[in-house]
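Asks: Sequence:
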Amino acid sequence: MGQIDTQAPIAHAMRLIQKDWIAGFISVGALCALTSVLLIYQLGATRILFAMSRDRFLPKSLRLIHRKYRTPHVLTWIAGIVVMLCALFMDLSISAELCNFGVFTSFIIICIAVLILRKTEPDRKRPFKVPFCPWFPLLGILICAGLMFYSMRSLTTSAIYFPIWLLIGLFIYISYGYKQKRLEERRKKFYSRKI
1 MGQIDTQAPI AHAMRLIQKD WIAGFISVGA LCALTSVLLI YQLGATRILF
51 AMSRDRFLPK SLRLIHRKYR TPHVLTWIAG IVVMLCALFM DLSISAELCN
101 FGVFTSFIII CIAVLILRKT EPDRKRPFKV PFCPWFPLLG ILICAGLMFY
151 SMRSLTTSAI YFPIWLLIGL FIYISYGYKQ KRLEERRKKF YSRKI
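Sequential numbering from 1 applies to the sequence shown in our numbering.
Honestly, the hints are just simulated from the structure, not real lab data.
Fair warning: this is a prediction, and the values are worked out from it, not measured in the lab.
In this text, a Cβ means the ideal position worked out from N, Cα and C, and glycines have one as well.
Treat the hints with care, since some could be wrong.
Straight line, CA to CA, 27 Å or less: simulated BS3-like cross-link-like pairs of lysine-lysine [to be verified]: (1) K60 <-> K189; (2) K68 <-> K189; (3) K60 <-> K119; (4) K119 <-> K179; (5) K179 <-> K189; (6) K188 <-> K125; (7) K119 <-> K129; (8) K119 <-> K188; (9) K188 <-> K60; (10) K129 <-> K179; (11) K68 <-> K125; (12) K68 <-> K179.
Pair by pair, the computed Cβ-Cβ distance ranges are [stated by the list, open to error]: (13) R118 <-> R67: 37 to 43 Å; (14) A33 <-> F89: 35 to 41 Å; (15) A33 <-> A13: 16 to 22 Å; (16) I65 <-> L147: 24 to 30 Å; (17) Q180 <-> D123: 41 to 47 Å; (18) A159 <-> L16: 29 to 35 Å.
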């Protein structure tokens with residue numbers, strides 16, 4: 001008996017019982033599922049970056065909308081090229097792990113934002129309310145952080161890449177986004193005084 005392939009255990013089991021056509025069918029299905037997940041991440045990343053540029057956390061040139069298709073075409077091209085370059089040089093499992101870390105981080109940020117907004121703007125109009133606040137957001141933070149730290153214990157390469165990726169994002173935010181938001185707030189205060 002050969003060693004079990006932990007990356008594709010069902011396909012490996014089918015090969016062991018001489019059902020190669022089933023193993024191939026399972027592998028094709030897994031490839032289609034993985035491709036669709038990566039496509040959704042790609043579309044989501046483009047929309048998030050567009051929202052960030054609209055809120056002045058990224059340069060104004062990135063929020064250009066295509067005249068015919070009404071999509072953020074500049075960001076779509078940039079995100080697509082970055083993903084293609086990463087796909088050429090990075091291992092697929094490391095890419096998937098980094099995507100998971102990114103999702104966990106965004107969930108943690110959302111949970112923190114819910115807690116902050118409940119304190120700073122309690123009368124803000126909300127289309128829906130988070131039940132059992134602050135317990136659900138606190139549980140969300142603890143569970144996502146726990147899953148991240150647990151994963152980082154067994155993953156070496158992505159555990160190194162993720163903090164670097166996070167630091168690059170923080171650098172962009174501090175060097176550009178934070179300054180732009182402060183400038184916008186000063187402009188609003190200035191115009192409100194004039195009125």
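Asks: Next, verify each hint and record whether it holds.
Replies: The hints, checked one at a time:
1. For a cut-off of 27 Å, the pair hint linking K60 to K189 stands: about 21 Å separates their Cα positions.
2. About 37 Å separates the Cα atoms of K68 and K189, which puts this hinted pair outside 27 Å; it is violated.
3. A distance of roughly 31 Å separates the Cα atoms of K60 and K119; the hinted pair therefore is violated under the 27 Å criterion.
4. With a CA separation close to 24 Å, the supplied pair K119 and K179 stays within the 27 Å bound.
5. The hinted pair formed by K179 and K189 meets the criterion: a straight-line CA distance of about 16 Å does not exceed 27 Å.
6. Distance restraint check for K188 and K125: the Cα-Cα separation of roughly 21 Å lies within the 27 Å cut-off, and the hinted pair is therefore satisfied.
7. For the hint pairing K119 with K129, the CA-to-CA distance comes to about 14 Å; that is within 27 Å, so the pair holds.
8. The hinted pair formed by K119 and K188 meets the criterion: a straight-line CA distance of about 23 Å does not exceed 27 Å.
9. For the suggested pair K188 and K60, the alpha carbons sit about 18 Å apart, so the restraint of at most 27 Å is met.
10. About 31 Å separates the Cα atoms of K129 and K179, which puts this hinted pair outside 27 Å; it is violated.
11. A C-alpha spacing of about 34 Å is found between K68 and K125, which places the hinted pair above 27 Å, so the restraint is violated.
12. A hinted pair counts as satisfied when its Cα atoms are at most 27 Å apart, and K68 with K179 does not qualify at roughly 33 Å.
13. For R118 and R67, the Cβ-Cβ distance of about 41 Å falls inside the hinted range of 37 to 43 Å, so the restraint holds.
14. For A33 paired with F89, a C-beta distance near 23 Å fails the hint of 35 to 41 Å.
15. Between A33 and A13 the Cβ separation comes to about 18 Å, which falls inside the hinted range of 16 to 22 Å.
16. With their beta carbons about 36 Å apart, I65 and L147 fall outside the hinted range of 24 to 30 Å.
17. The hinted range of 41 to 47 Å is not satisfied by Q180 and D123, whose Cβ atoms lie roughly 27 Å apart.
18. Roughly 32 Å separates the CB atoms of A159 and L16, a value that falls within the hinted 29 to 35 Å.
Hints 2, 3, 10, 11, 12, 14, 16 and 17 from the earlier list are contradicted by this structure; the remaining hints agree with it.
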